[in-house]
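Colleague: In case you want the letters, here they are:
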Amino acid sequence: MNKDLEKLLFNPIRLKIISFLISVDKSSFKSLSKISGATKGNLSIQIKKLNEAGYIKIKKSFNNNYPNTTCSITIKGKNSFKLFFKELQLYKNNQR
Amino acid sequence: MKSKEQINIINEAINKAKVDLKPLGFNFIFWGIFITIMCIIHLSFPAFIQQTKFSAVIFWVVLPLVGMVYTTNYNIKIGIKKGYETHIGRVIKIVWMVFGLSWILVIIPVSIINNQNPVQNIVLLLALTVFTTGLILKSKSVIVGGVILFLLFYSIEFYPLVNTLVYTIIAQIFGLLLPGLVLYNQKDE
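Those sequence lines, one after another, are chains A and B.
Once you know that position 15 of the first sequence is 15 in the numbering used here, the rest is easy, because the numbers rise by one and skip nothing.
Once you know that position 132 of the second sequence is 1132 in the numbering used here, the rest is easy, because the numbers rise by one and skip nothing.
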């Protein structure tokens, strides 16, 4: 298994973020906060970590003078997550 | 965290990414009603709408453009409120953008240059777009709406004597309004 991703996704908030982003094209910061249940500060830290690892892209813009942060998954993130999920299922099946 | 817990978290997060069909249903209903009303106005006051060579063109281009501005604004607001865009939502958005651009940049200019009625070409373009939307959404009602529009396109070819405005009203009711009502009342997927 991809050890870097495995380590990153051991955190449930980061796992929720990347799982949600794989099923949508893009998501706002507000929406990610709602889905992950994380506070704004905590979410900022978690998405920064995923961004630094190259798994997600962060786009910052302004909407009616309000800051607007949008996140989307990268190709690296998609491929790594698919592999991670496949191996997770294999591991779960082997445990039975 | 155990692998079972991780899989549960993944499933929960993925299930939260729902395709919201209500805004798309609203767009279908809006255009169905809007164009039908325009047709009724044109049928009721033909002398006024067709008083000059370009008055009918202005009527049929300017008002739909106003409608386009309104629905684009509505869709942007809904997108911001929702906070995320699904893959299916993005594909449908692109399909309808192609429809809008083809209508403005191809069908209307070609119709003006060739002095030909654009209704048949618009019905074909609408049929293709509605049918594609139905296939993407796997929505039977939208697919049927697209098929009815295809049939209307061929009807205009074989029965050209019937007023094209009547064809347009039928196209709007069966191609947009009824599928729109179904989409609007459908549960999120």
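Since the hints were derived computationally from the structure, they do not count as laboratory data.
Wrong hints could be hidden among the right ones.
What the hints assert, rightly or not - Subject to a maximum C-alpha distance of 25 Å in a straight line, what follows is the list of computed SDA-like cross-link-like pairs (lysine to any residue):
| no. | chain 1 | residue 1 | chain 2 | residue 2 |
| --- | --- | --- | --- | --- |
| 1 | A | K92 | B | I1009 |
| 2 | B | K1004 | A | S61 |
| 3 | B | K1138 | B | K1053 |
| 4 | A | K7 | A | N68 |
| 5 | B | K1022 | A | S33 |
| 6 | B | K1018 | A | D4 |
| 7 | B | K1082 | A | S61 |
| 8 | A | K82 | B | I1014 |
| 9 | A | K92 | A | K57 |
| 10 | A | K34 | A | K3 |
| 11 | B | K1004 | A | S33 |
| 12 | B | K1081 | A | S44 |
| 13 | B | K1022 | A | D4 |
| 14 | B | K1093 | B | K1002 |
| 15 | A | K30 | B | K1018 |
| 16 | A | K34 | B | N1121 |
| 17 | A | K48 | A | I58 |
| 18 | A | K59 | B | G1079 |
| 19 | B | K1081 | A | D4 |
| 20 | B | K1022 | A | I58 |
| 21 | B | K1053 | B | T1072 |
| 22 | B | K1081 | A | Y91 |
| 23 | A | K3 | A | S28 |
| 24 | A | K30 | A | S44 |
| 25 | A | K30 | A | K3 |
| 26 | A | K78 | B | K1053 |
| 27 | A | K86 | A | S61 |
| 28 | A | K40 | A | L83 |
| 29 | B | K1018 | B | T1072 |
Colleague: So if I understand the rule, the pair passes when the alpha-carbon distance is 25 Å or less; does K78 (chain A) with K1053 (chain B) pass?
Modeller: Answer violated: K78 (chain A) to K1053 (chain B) is near 56 Å, above 25 Å.
Colleague: Does K86 (chain A) pair with S61 (chain A) here, judged by a C-alpha cut-off of 25 Å?
Modeller: Given pair K86 (chain A), S61 (chain A) is violated - Cα atoms ~35 Å apart, limit 25 Å.
Colleague: Holds or violated: K1022 (chain B) and I58 (chain A), Cα atoms, limit 25 Å.
Modeller: Violated: K1022 (chain B) and I58 (chain A) sit about 28 Å apart, past 25 Å.
Colleague: Check whether the Cα positions of K1004 (chain B) and S61 (chain A) lie no farther apart than 25 Å.
Modeller: violated, 38 Å
Colleague: Going straight from one Cα to the other, do K1081 (chain B) and Y91 (chain A) come out at no more than 25 Å?
Modeller: violated, 39 Å
Colleague: Run the distance test for K1081 (chain B) versus D4 (chain A): straight-line Cα separation, threshold 25 Å.
Modeller: violated, 34 Å
Colleague: Regarding the pair K40 (chain A) and L83 (chain A), is the alpha-carbon distance no greater than 25 Å?
Modeller: Status violated; Cα separation ~29 Å.
Colleague: Given the hint that K1093 (chain B) pairs with K1002 (chain B), does the C-alpha gap stay at or below 25 Å?
Modeller: Violated, at roughly 39 Å.
Colleague: Given the proposed pairing of K1004 (chain B) with S33 (chain A), does the C-alpha separation stay at or below 25 Å?
Modeller: Measuring from Cα to Cα gives roughly 23 Å; hence the hint holds.
Colleague: When you check the alpha-carbon spacing of K7 (chain A) and N68 (chain A), does it fall within 25 Å?
Modeller: Status violated; Cα separation ~29 Å.
Colleague: If you draw a straight line from the CA of K1081 (chain B) to the CA of S44 (chain A), is it 25 Å or shorter?
Modeller: Satisfied, since the Cα-Cα distance of roughly 20 Å is no more than 25 Å.
Colleague: For the pair supplied as a hint, K1018 (chain B) and D4 (chain A), is the alpha-carbon distance within the 25 Å limit?
Modeller: Violated. K1018 (chain B) to D4 (chain A) sits at ~30 Å, over the 25 Å cutoff.
Hint compliance for this structure: hints 2, 3, 4, 6, 9, 10, 13, 14, 16, 19, 20, 21, 22, 23, 25, 26, 27 and 28 are not met, and every other hint is.
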